[in-house]
Amino acid sequence: MHYRHIPLPLFLLVGGCGVLIGCSQEQAAIPVADTAPVVDVAALTARVAELERKAERLKDMNAIKRLQRSYGYYVDNAMWDEVIDLFSDDATVEIALDGVYIGKDSIRRYLYALSGGQPGLPAGTINEHMQLQPVIDVAPDGNTAQGRWRALIMSGVWGKSATWGEGPYENTYVKDNGIWKIKSTHWYETLLVPYAGGWAAVREDLHNGKFVSDNVPPDAPPTEQYEVWPGAYLPPYHYKNPVTGQ
Amino acid sequence: MYKKQQNILSTISFYCFMFYTGAGIAAEDASLTALSDRVVALSREVQLLEDQNAIEILQRTYGFYMDKALWTQVADLFTDDGTLEIGPSGVFVGKVRVKDYLLSLGQEGPQEGRLIDQMQLQPVIHIANDGNNAKGRWRSLVMAGQHQGQAWWGSVIYENEYRKEGGVWKIARLHGYNIFYTDYAKGWAESAVASIGPDQPLAPDLPSTTEHTSYPEQFFVPFHYQNPVTGTAVDVAAAIPDLTPIESDILEQTLSDLNTRLERLNDVQSIERLQHVYGYYLDKQQWDTLANLVADDGTIEIAQRGIYAGKKRVRDNLNLYGEPGVHHGVLHNHIQLQPVIHVDADGRTAHARARALSMLGTYGRAGVWGASVYENEYVKENGIWKFKHDHLYTTMFTTYNEGWAAAPRAAPGVSKDNPPDLPPSVVYEAFPKTHIPPFHYPHPVTKVEVRTP
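Protein chains in written order, with the numbering used here: chain A, 1 to 246; chain B, 1001 to 1453.
Where hints are given, some of them may not hold.
As the list claims (entries may be wrong) - Calculated Cβ distances over 10 Å to all of chain A for the following chain B residues:
id, residue
1, 1110
2, 1147
3, 1189
4, 1200
5, 1211
6, 1243
7, 1328
8, 1344
9, 1410
10, 1436
11, 1438
Unchecked claim - Below 20 Å or equal to it, Euclidean Cα-Cα: the simulated PhoX-like pairs (lysine-lysine) are:
id, chain 1, residue 1, chain 2, residue 2
12, B, 1099, B, 1447
13, B, 1312, B, 1388
14, B, 1164, B, 1380
15, A, 59, A, 181
16, A, 160, A, 104
17, A, 104, A, 175
18, B, 1186, A, 160
19, A, 183, A, 59
20, B, 1170, B, 1447
21, B, 1170, B, 1099
22, A, 240, B, 1284
23, A, 54, B, 1380
24, B, 1164, A, 240
25, A, 240, B, 1380
26, B, 1311, B, 1388
Claimed, not checked - Ranges of calculated distance between the beta carbons of each label pair, as one might list FRET restraints:
id, chain 1, residue 1, chain 2, residue 2, range
27, A, 123, B, 1203, 51 to 57 Å
28, A, 143, B, 1365, 44 to 50 Å
29, A, 240, B, 1365, 32 to 38 Å
Think of the hints as simulated: they come from the structure by calculation, not from any bench.
Bear in mind that the values here come from a model prediction, so they are computed numbers and not experimental data.
All C-beta atoms in this analysis are idealised placements derived from N, C-alpha and C, irrespective of residue type, glycine included.
Taking the hints into account, I'd like the entire structure generated from these sequences.
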């Protein structure tokens, strides 16, 4: 039965009795239990709020995945202006060993430089950046998050080069007026190797993890120094072992 | 006097009583109505979260069926009026014609010497306000080819549509834009074609809907959605339907049910996370911490190496893959992809089908590509999900320089030095032979168990 449909006289008989006339709780309890359930609105409200919080965390996870996957689709086509819109104003970008670019203006200079000074993927180039294997952790307050991802990359220039690339990201995210944005992205280069021979081929011209930072200097040096392939490096995890907590 | 006073008091108290009770009802009534409205909105949110999972399972299952040329099962994922358009194929309308198209690609069922692995990756899904229509962008990395013939890498972007009919999500429109296919022997600096379809393709019901170009020409696949930060409209507009109010006498039960559904949704996220964390540990040969993801009575069974039972034996098994830790010039990547997760009703056990793409090898020696499918089982102990059975089936394993068409290798077998506790639970051979790892779940639309054709 819907609470608000309980006829008024019933309330006069049952609910009001204990409060104003002063009859005992025992007397009141019997008819209350039999005829109209006591609805503890405060307790129900708390339960609803807890469930809303759980649903919100799941929505946050989905929103962050959409955000990072959209990043990948935009990078595929060198859609740098769209990429920059995914960042918070104070965001940082650190790709391989190029150093840290801070704020949207620096990030724009850097990303444009990656494709020769202007956005967009020219004919005869390919830049596939698959965004894979997310491990997302939203902070208890629901306002920030961290995510490990990995990119598998197929890039190249027709008639000139073809490259396989792979490496993980450790990114942070911030929820700004209900919208998730990328606060920092840090891609660790495991390898970027020519298609011919792949990662096993011995080469003289080993990539050193730098792209355009010699021409477009970063705002800060790399936060970590490591040797890219054939070097081996374990980029730190933002999370503990989910079973042992260590 | 006294009597009169008493009468007055009674009268006052009666009116106070009337007033108080009326106000109490109104206040409680209003807060309950507001609460009921919140629960209605919450129910819709939970439904949308479940819908998102169902659509992801649908598209990932499409991939697992395509891998094995299960054409009938693929066609049954579509609505009756569903359409298919892949690369330059034109549009095929309706389930029957979808199956005709698939048959034009080759015989139904896995065929010895034929590889058509189509990884389903990177979903961006938006569900319309009506809760019955959705759009999704996905991508596929394709490993295809014929043993002792040609091998291909391919990259495809999908912009698909989905529809919910009778509570079941189906593919309403599958549209794959081929970015390129490249001859494995040459790579994409030298080789790029728009399609590797049959020489004489089946005539479609309708012409292509787009004039899409592929690499090395300039290409672009339109998005069904605006930038997630700056955009507002999503191209899945529809009115929010009138939502059914929840009666207060079922409020308790409704909240209890919603809690259970949210717990199951959370379990799915936790298991996906566990599988992905596992992959990152595997990459870096972190054997001790990896073994700790397994339940005390858990097992591991990789390729044809046999079963290692118990956490300690799982740790022993990991010694087969190298010394712990990272080593200069050693690559041990196992990229974790395409999870289809089902949590059992009691929330204590779960299953996942997923896949790994492996990039292995040693600098200056040999590189290896591997493709495989997991059918794993998980158990929740003290609120924490762990691996119960980690079972990887090898699809294909090959040296980098030769590729899968020229030099497929056998799935690794039982080690003499570090033998398993039990032999392999299923005996099979990797590519160029074929096998279908058993599905832990029935067809998501027909609900029929999937059998080998």
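So which of the earlier hints does this model not fit?
3, 7, 14, 16, 24 and 27
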